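Protein chains in written order, with the working numbering: chain A, 485 to 692; chain B, 485 to 692; chain C, -7 to 262.
Misleading hints may appear alongside valid ones.
Calculated lysine-lysine pairs in the DSSO-like style (CA-CA distance at most 27 Å, straight line) [stated by the list, open to error]:
#: 1; chain 1: B; residue 1: LYS564; chain 2: A; residue 2: LYS488
#: 2; chain 1: A; residue 1: LYS519; chain 2: A; residue 2: LYS538
#: 3; chain 1: B; residue 1: LYS507; chain 2: B; residue 2: LYS545
#: 4; chain 1: B; residue 1: LYS587; chain 2: B; residue 2: LYS618
#: 5; chain 1: C; residue 1: LYS152; chain 2: B; residue 2: LYS564
#: 6; chain 1: A; residue 1: LYS507; chain 2: B; residue 2: LYS636
#: 7; chain 1: B; residue 1: LYS564; chain 2: B; residue 2: LYS587
#: 8; chain 1: B; residue 1: LYS509; chain 2: B; residue 2: LYS609
#: 9; chain 1: B; residue 1: LYS509; chain 2: A; residue 2: LYS564
#: 10; chain 1: B; residue 1: LYS519; chain 2: B; residue 2: LYS545
#: 11; chain 1: C; residue 1: LYS178; chain 2: A; residue 2: LYS609
#: 12; chain 1: A; residue 1: LYS490; chain 2: B; residue 2: LYS538
#: 13; chain 1: A; residue 1: LYS564; chain 2: C; residue 2: LYS151
#: 14; chain 1: C; residue 1: LYS51; chain 2: A; residue 2: LYS636
#: 15; chain 1: B; residue 1: LYS564; chain 2: A; residue 2: LYS512
#: 16; chain 1: A; residue 1: LYS652; chain 2: C; residue 2: LYS100
#: 17; chain 1: C; residue 1: LYS98; chain 2: C; residue 2: LYS51
#: 18; chain 1: B; residue 1: LYS538; chain 2: B; residue 2: LYS488
#: 19; chain 1: C; residue 1: LYS152; chain 2: A; residue 2: LYS564
#: 20; chain 1: C; residue 1: LYS222; chain 2: A; residue 2: LYS652
#: 21; chain 1: C; residue 1: LYS98; chain 2: B; residue 2: LYS512
#: 22; chain 1: C; residue 1: LYS151; chain 2: A; residue 2: LYS538
#: 23; chain 1: B; residue 1: LYS623; chain 2: B; residue 2: LYS609
#: 24; chain 1: B; residue 1: LYS490; chain 2: A; residue 2: LYS545
#: 25; chain 1: A; residue 1: LYS538; chain 2: A; residue 2: LYS507
#: 26; chain 1: A; residue 1: LYS636; chain 2: C; residue 2: LYS227
#: 27; chain 1: B; residue 1: LYS512; chain 2: B; residue 2: LYS488
#: 28; chain 1: C; residue 1: LYS152; chain 2: B; residue 2: LYS488
#: 29; chain 1: B; residue 1: LYS509; chain 2: B; residue 2: LYS519
Just so you know, these hints were derived from the structure itself, not from any lab.
It should be emphasised that the depicted structure is a prediction, and the values quoted were computed from it without experimental measurement.
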Amino acid sequence: MLEKNKIKKIIESLLFSSSYPIKVKEIKDFFSEEKVPSNLIQEIISEIEIDYSKSGVNLRKVSSGYRFQVSEDCNEWVTKFYPEKPQKYSRALMETLALIVYKQPITRTEIEAVRGVSVSSNIIKTLLEREWIKILGYKDVPGKPAIFGTTKEFLDSHNLLSLNQLPKLDDIVELSDQEIHQLGLLEDKKNSDNQSNDQEDFKNENIH
Amino acid sequence: MLEKNKIKKIIESLLFSSSYPIKVKEIKDFFSEEKVPSNLIQEIISEIEIDYSKSGVNLRKVSSGYRFQVSEDCNEWVTKFYPEKPQKYSRALMETLALIVYKQPITRTEIEAVRGVSVSSNIIKTLLEREWIKILGYKDVPGKPAIFGTTKEFLDSHNLLSLNQLPKLDDIVELSDQEIHQLGLLEDKKNSDNQSNDQEDFKNENIH
Amino acid sequence: MDIKPDAHKDQKKINVPLAYVKGQPYLNIPKDLYLPPDALEVVLESFEGPLDLLLYLIKSQNFDILELPVAKITEQYIQYIDLMKELKLELAAEYMLMAATLAEIKSKLLLPVIEDDSGEEDDPRAELIRRLQEYERYKKASLNLDSLKRVDRDFYLTKKISYEVIKKDEEYQNVDLEKLVVIFHKLMQQTKFLSPHDVKKEFLSVREKMTLIMNMLKSDDYIDFKEILKFEEGKSGLIVSFLAILELIKLAMIDCVQANYDSSIFIKLK
Chain A
485 MLEKNKIKKI
495 IESLLFSSSY
505 PIKVKEIKDF
515 FSEEKVPSNL
525 IQEIISEIEI
535 DYSKSGVNLR
545 KVSSGYRFQV
555 SEDCNEWVTK
565 FYPEKPQKYS
575 RALMETLALI
585 VYKQPITRTE
595 IEAVRGVSVS
605 SNIIKTLLER
615 EWIKILGYKD
625 VPGKPAIFGT
635 TKEFLDSHNL
645 LSLNQLPKLD
655 DIVELSDQEI
665 HQLGLLEDKK
675 NSDNQSNDQE
685 DFKNENIH
Chain B
485 MLEKNKIKKI
495 IESLLFSSSY
505 PIKVKEIKDF
515 FSEEKVPSNL
525 IQEIISEIEI
535 DYSKSGVNLR
545 KVSSGYRFQV
555 SEDCNEWVTK
565 FYPEKPQKYS
575 RALMETLALI
585 VYKQPITRTE
595 IEAVRGVSVS
605 SNIIKTLLER
615 EWIKILGYKD
625 VPGKPAIFGT
635 TKEFLDSHNL
645 LSLNQLPKLD
655 DIVELSDQEI
665 HQLGLLEDKK
675 NSDNQSNDQE
685 DFKNENIH
Chain C
-7 MDIKPDAHKD
3 QKKINVPLAY
13 VKGQPYLNIP
23 KDLYLPPDAL
33 EVVLESFEGP
43 LDLLLYLIKS
53 QNFDILELPV
63 AKITEQYIQY
73 IDLMKELKLE
83 LAAEYMLMAA
93 TLAEIKSKLL
103 LPVIEDDSGE
113 EDDPRAELIR
123 RLQEYERYKK
133 ASLNLDSLKR
143 VDRDFYLTKK
153 ISYEVIKKDE
163 EYQNVDLEKL
173 VVIFHKLMQQ
183 TKFLSPHDVK
193 KEFLSVREKM
203 TLIMNMLKSD
213 DYIDFKEILK
223 FEEGKSGLIV
233 SFLAILELIK
243 LAMIDCVQAN
253 YDSSIFIKLK
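Could you put the whole structure together from the sequences, leaning on the hints where they help?
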């Protein structure tokens, strides 16, 4: 029969080389061929749990089995180590923001009228949380819709002194297709053809 | 300053959470903000190397940095544990790779001149996708053909630190009878004993 | 011998014939063809090219590459490619080219040897031998490469271990303003809300003023119309403010009230 130490090494190597959590049963089944008693497996797993409890990675039991994960007090360091992915704003968010910037004060209904689709509450929430937009007041029509406008924070965070410093519409009317392409607009158009990308956008909206 | 033990835990967590080997320099740079002296980092890495030397996974230095891999004596068990068979590469692919490895920088035309047959685009694509080869540049002749060379990823995939560790071309002597068996015909005959393998091989060739 | 375990092949095994050529069972193979009799198709499919096939013919009959018996090899080579053609295997043009090369060498060897000035014989086989040797080197090298320990076949890496992303108090990433204006323009074009020539320099100023006025109104119930009109902003500034007020009235966001004909005009939120 295999030595206990060897079994421990093997179980460690299985846990570390698996992309999914491993069930105790899978390990027991695997070693049953080698006539390793199943209570020994359980004992070894508990030992590994203790062995790694003070290390940078810990063995954790999750719903689908055991897996190693980064120890709690190292998470912030690992997060810091990996370069952040640049945040990508969804097309829907950019369009909503563009309308608020250039046509403020504006209500949600007016944004929707231009975009032709409803504006998700998450987008408004994101922009409000970011303090890029604020509610200026409520329009005196049925439903008393909120009127949105941009904030000083929006100008500050984009290094603008006033909205007048924003790129002017006239400057871009003459843009060639190529230039528009460089700005990423056509890229967005392409994305919208691709459902999976859209889904990603949607996910982002929820996160922001 | 951070305690040594904490730094060790963090380095462990970084090495385990990375999907690519990490360079000592990257770790040193990361901790330089925390005013951790770089010789301490080196010391800790050596300690981790020793700590894990008897475990199921070992710290190993490869061409592009340090990474954990399954300890040698556990490999067979890992192979046994996972039902899926590793990808098998066609002879055409391996011959193309050999020419790129030993005659780099090399163009496709030059590969074809030695092999006496055209090189399928799928083979080049597979090697590029696998990141074993890369385009080093384009030759200044009509058609501007790509010049290929191997990557660090190729070395990492074979546990090599440099191309110097490869078997030398000059070491290759006249083929013995036994080796002829390994070549072409008899190899195929041998494979035919293992039908599933062959089928996989056949499939792979078609896909590539 | 079967490489692919499908029913068709199994049947073939039972019926003995090696292969079917033009629908007919193929039973006879050339007598001097060095070929395991049950491996015909597999063998023919397994060559990596004409050099590989030549190398096989030479090696399997224990010939020395340097001696290259062109006549014998050419004959066998041609038999092989004939078989390949009959079996309708995809035959690369390179095989035909090699056949032609072999035939050329063979005919040259039949001609009387002409010694050149240096007195050395110019062996017509030299180039082919050089190519065969070079190909053999790399073929061997490819086997060596294949026998190296390879990740996920002979050794394994630890899989990336998950960690919890700790949200930092980061600053939000800004939007690309250029992109913003393009998006806006496109939206406008889409809805024909604004034709391009309607775009005015004052556009933003009016909008910004509208927001400013709304902000002023938030704090006070009533604002004197004159407070909004700031004379230090000059003529265009006055026009902008005035347009902003008119626009806000039009949008039903504010009310304009006046007690008497000549009293002050006050503005309040609607």
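Legend entry - Given pair status - LYS538/A, LYS519/A, alpha carbons within 27 Å: Between LYS519/A and LYS538/A the Cα gap is close to 32 Å, so the pair fails against 27 Å, i.e. violated.
Inset, instruction - Decide if the proposed pair is consistent with the structure: LYS152/C and LYS488/B, CA atoms, cutoff 27 Å inclusive. - result: 24 Å, holds
Inset, instruction - Verify the proposed pairing of LYS51/C with LYS636/A, using a straight-line Cα cut of 27 Å. - result: 83 Å, violated
Inset, instruction - Take the C-alpha atoms of LYS152/C and LYS564/B, compute the straight-line distance between them, and say whether it is at most 27 Å. - result: 21 Å, holds
Inset, instruction - Would you check the hint for LYS509/B and LYS609/B, treating anything up to 27 Å between C-alpha atoms as holding? - result: Distance of about 32 Å is beyond 27 Å: violated.
Legend entry - 27 Å limit on alpha-carbon distance, applied to hinted pair LYS98/C and LYS51/C: 20 Å, holds
Legend entry - Pairwise hint evaluation, LYS564/A against LYS509/B, where the allowed Cα distance is 27 Å at most: The given pair, whose Cα atoms are some 16 Å apart, holds under the 27 Å limit.
Legend entry - Pairwise hint evaluation, LYS227/C against LYS636/A, where the allowed Cα distance is 27 Å at most: 26 Å, holds
Inset, instruction - Quickly compare the C-alpha distance for LYS587/B and LYS618/B to 27 Å and report which way the hint goes. - result: Answer holds: LYS587/B to LYS618/B is near 14 Å, not above 27 Å.
Legend entry - Pairwise hint evaluation, LYS587/B against LYS564/B, where the allowed Cα distance is 27 Å at most: 37 Å, violated
Legend entry - Pairwise hint evaluation, LYS488/A against LYS564/B, where the allowed Cα distance is 27 Å at most: 19 Å, holds
Legend entry - Holds or violated: LYS507/B to LYS545/B, with C-alpha atoms at most 27 Å apart: With Cα atoms ~9 Å apart, LYS507/B and LYS545/B stay inside 27 Å; holds.
Comparing the model with each earlier hint shows violations of hints 2, 6, 7, 8, 14, 16 and 21; every other hint is respected.
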